[in-house]
Amino acid sequence: MAKQVQKKQATVDYTVRIAGEGGDGVISCGELLAQAAARTEFHVFTFITYPSEMRGGYSMIQIRLRDMTIYSMGSLVDCLVVFNQEAFDNSKSILAPGGILLYDPAEVDIGDKSGNFHLEPIPLTMIAKETLGSTLGKNIVALGAVSHILGMDITLIEELLAERFSHKGPEVRERNLKVLHAGIMAAQNIRINLDFRLEDLKPAKADYMLISGNQAVALGAIAAGCRFTAGYPITPSTSIFETLTKLLPLVGGRAIQMEDEIAAISAIIGASFAGEKVITPTSGPGLQLMTEQLSLASMIETPLVVVDVQRAGPSTGLPTKTEQSDLKFAVYGSAGDSPRIVIAPTGVEDAFYQTIRAFNLAERYQMPVLMLLDQSIGYRKATVKMPDFDQIRVLDRGESKKSLKIPHAGKIDIRWRTEPTEEELADYRRYADTEEGTAPMARPGTPGGQYLATGLEHNEYGYTDQSPGNHKKMSLKRFRKMGAISRELEKNPIEFYGDPDAKIGIIGWGSTEGAIREARYMAEQKGIAVRHLHPHTISPLPTKQISLFLLRLENLIIVEENMTGQFAHYLQARFRMKPISIRKCEGTPLTPAEIYKGIVKVARLSDEYNNTYF
Amino acid sequence: MSTTTPTFSRPGVKPVWCPGCGDYGVLSALKKSLKELKIAPEELMIISGIGCSGRFSHYMDSYALHGTHGRALPTATGAKAVRPELTVLAVGGDGDGLSIGGGHISHAARRNADITYLLLDNHIYGLTKGQTSPTTPQGYQGITSPYGVAEEEMEPLPVLLTYGVSFIARGHSFDLPQLTDLITRAIRHPGFSMVYVHSPCVTHPSLSWEALKERTKPLPEGFPTDDVMTAMPYAYSRDPLYTGVFYQIRKPTLQERLREVEKRACKDTGGEPLDSSVRQIMQRFR
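Residue numbers (my numbering), protein chains in the order written: chain E, 1 to 614; chain R, 1 to 286.
Source of the hints: derived by calculation from the structure; they are not laboratory data.
Please read all numbers here as calculations on a predicted model, not as lab measurements.
The reader is advised that the hints may include incorrect statements.
Restricting the straight-line Cα-Cα distance to at most 25 Å, the calculated cross-link-like pairs of lysine-lysine (BS3-like) are [stated by the list, open to error]:
no., chain 1, residue 1, chain 2, residue 2
1, E, K246, R, K267
2, E, K473, R, K14
3, E, K477, E, K402
4, E, K526, E, K473
5, E, K477, E, K328
6, R, K14, E, K472
7, R, K267, E, K168
8, E, K246, R, K263
Using the sequences and the hints given, assemble the complete structure.
The structure is reproduced here in structure tokens:
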């Protein structure tokens with residue numbers, strides 16, 4: 001039995017879900033709510049399902065409010081707002097007992113009225129029609145109603161509405177306010193006892209942002225000193241590119257939309273060779289197109305940052321749904337052995353810092369860094385504290401061997417590629433076989449630094465050399481970097497949580513961190529001790545940390561969102577263990593409850609086994 | 001800038017080209033042109049593709065990138081976009097440029113980045129020993145077309161005119177003074193310039209180079225180079241096969257257009273980018 005751990009409980013933890021049809025304005029309504037909540041001291045966490053098409057299809061936004069850090073979107077919803085039948089059918093199982101169901105009775109037949117909910121019919125469509133003469137605007141009716149229920153400061157909502165639609169003129173603004181108030185009126189009679197009123201809360205400190213994972217990546221790139229991107233739009237990564245096209249010109253940078261993904265990665269290879277930091281965002285199908293150029297970047301050793309916002313596959317798959325199924329492709333996808341670094345952020349704030357880290361790794365180790373960002377992180381918005389800007393520092397040449405610490409709010413080191421000294425330029429060997437596997441990279445324009453970067457096997461000077469001895473030497477050189485990175489990794493704090501003596505262990509990667517954490521808390525409440533390892537670096541693996549984690553473990557659960565258990569397979573290939581694989585392949589994130597169920601099952605089987613053996 | 005005249009040679013690197021290959025001529029024309037333009041080796045970036053002509057980057061003292069098949073143009077575009085002060089050349093052959101890489105030409109023309117593309121057409125895939133290229137004459141019996149080429153060959157120059165490439169010239173490796181002049185003018189031209197060069201493959205000839213030489217004729221004296229429609233029939237003509245500058249216009253380069261974008265984006269700060277960037281950028285996301 002594990003020791004009982006006292007955890008600080010949140011006093012307020014409330015989740016609202018708004019669901020309807022694509023085109024209903026569901027998401028814009030929810031985002032306004034989230035923005036308003038983010039202006040208070042509360043933490044905000046959203047989860048969004050976009051339909052793939054322009055109109056029609058199920059569309060949903062879920063907003064979780066909490067007075068402590070939020071790790072996942074939780075499992076149940078306290079207030080469910082549904083615009084149509086499909087939304088109700090898809091979401092009804094997720095409403096917590098005692099929760100509020102706000103629905104449009106003209107569109108939704110709730111059928112069997114049993115169930116411990118507060119039913120609040122509000123004729124959204126009718127009110128919109130009566131107030132404005134059209135059904136457009138029913139999302140603002142809903143917004144009014146929910147704001148009233150949450151006790152929101154109405155002037156704040158009015159302000160945000162005005163901001164969002166300011167470009168459409170004063171008449172539109174007036175209409176929005178009218179229909180907003182109609183919604184508030186309609187909700188007047190709803191009496192729900194909540195432990196909080198958003199209006200009474202203190203405003204958030206000035207240093208918080210409300211951003212999506214995708215926006216976090218774009219901001220991370222800019223913070224790291226990247227001033228060039230070449231990209232091609234692909235759902236769900238496009239907003240990274242859009243954010244960069246908007247922000248880069250403001251800081252003297254350049255963004256070019258290329259004709260396809262192959263052109264995009266080619267352009268950034270050219271720009272990196274020319275001396276600059278570069279990034280290109282894409283998703284699974286785009287990454288597949290980029291494979292050849294990734295191998296080239298490995299071979300000619302150009303620093304590169306490529307972001308794969310993972311979506312459900314294979315092929316066109318489910319463009320707006322999340323999955324963790326590009327792992328093997330990211331690690332191994334290459335003709336020939338081409339080393340690359342693969343990292344996976346675990347949340348929105350983490351995406352910001354991991355992006356900066358990606359650039360540091362790329363610059364130091366001169367190879368492609370692939371960042372696998374789950375779509376569920378890319379799309380959702382969360383409150384993130386701004387970093388301490390005075391602690392952002394560019395490392396100088398003398399610190400080039402210094403170990404790369406993972407950036408965080410209190411300290412961000414920025415690394416640039418090492419250029420050759422005058423002495424090194426006298427007999428410049430771009431691909432010198434060094435201890436760490438990398439050699440200084442001359443910046444075009446530097447006299448004496450001219451060199452050939454070729455995809456053919458080459459010698460230390462860069463000229464082609466296809467002799468056996470040379471190929472072995474250079475292949476080892478390129479892979480020696482992975483060893484150097486691995487040793488570096490071990491110097492960072494272990495990414496491990498929970499009871500170090502627990503016999504049940506969970507390993508996850510990417511976006512599942514929050515859900516696993518909450519599941520662990522639930523298990524600990526029930527007296528089940530669990531330990532949890534969540535590596536941010538997928539390639540190379542932090543092998544020492546994992547070996548240590550596996551010591552004296554009786555049951556290992558590996559959690560991931562794909563069908564074939566790619567991560568489990570990948571770890572099994574390196575470590576001797578037989579994991580229990582919890583996999584979800586539905587396009588939606590794993591919930592704490594789903595993982596908790598798995599833990600309980602394993603705990604029960606483990607107890608039975610131990611009891612019967614003796 | 002170095003004080004001695006650079007040779008652009010890479011000592012100790014022997015070209016793989018066969019004796020008599022047209023590419024030797026292009027190489028010497030390019031070196032001559034660069035010396036005339038007083039471009040230093042460290043200011044030069046050469047991006048090449050796969051094939052005999054792709055090996056160009058190996059033989060020139062420069063910052064050279066020998067990349068994958070067909071992607072020299074987007075790679076060169078990226079390089080120029082971040083280092084506009086350097087001279088960026090893309091070099092490739094008929095397979096690299098017109099087959100796998102064909103799709104990129106139109107977009108390079110649209111962007112009009114100030115790069116120069118030397119397309120060396122030897123009407124065959126020479127390095128890999130004689131497979132057909134998009135410009136191999138129909139009926140030629142080659143290694144992948146033992147019963148004769150089934151497809152029609154393409155006519156590249158009219159395509160380039162239609163794409164709106166802002167400088168188009170055709171030359172030959174057997175008329176080096178003319179070629180040197182064309183290359184010099186192409187590099188001088190602000191915008192995307194293409195020099196299409198007939199460069200004989202002596203080991204796998206898919207046509208009679210003698211006959212081609214016979215048909216060659218420079219464009220008439222005073223040829224107007226600012227009109228696509230005037231140039232079209234000359235671009236299509238195979239006999240005579242015209243050489244010289246077919247088209248040259250001045251339109252905004254990619255760099256100029258991106259600067260305009262920057263000015264529009266920064267209108268609140270007098271058209272100039274922010275200094276204390278990161279903090280100000282993040283505050284927009286509150």
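Status of the hints after comparison with the structure:
no.	hint	in the structure
1	E:K246 <-> R:K267	holds (13 Å)
2	E:K473 <-> R:K14	holds (23 Å)
3	E:K477 <-> E:K402	holds (20 Å)
4	E:K526 <-> E:K473	violated (56 Å)
5	E:K477 <-> E:K328	holds (23 Å)
6	R:K14 <-> E:K472	holds (23 Å)
7	R:K267 <-> E:K168	holds (21 Å)
8	E:K246 <-> R:K263	holds (13 Å)
This entry does not satisfy hint 4, going by the numbered hints stated previously; all others are met.
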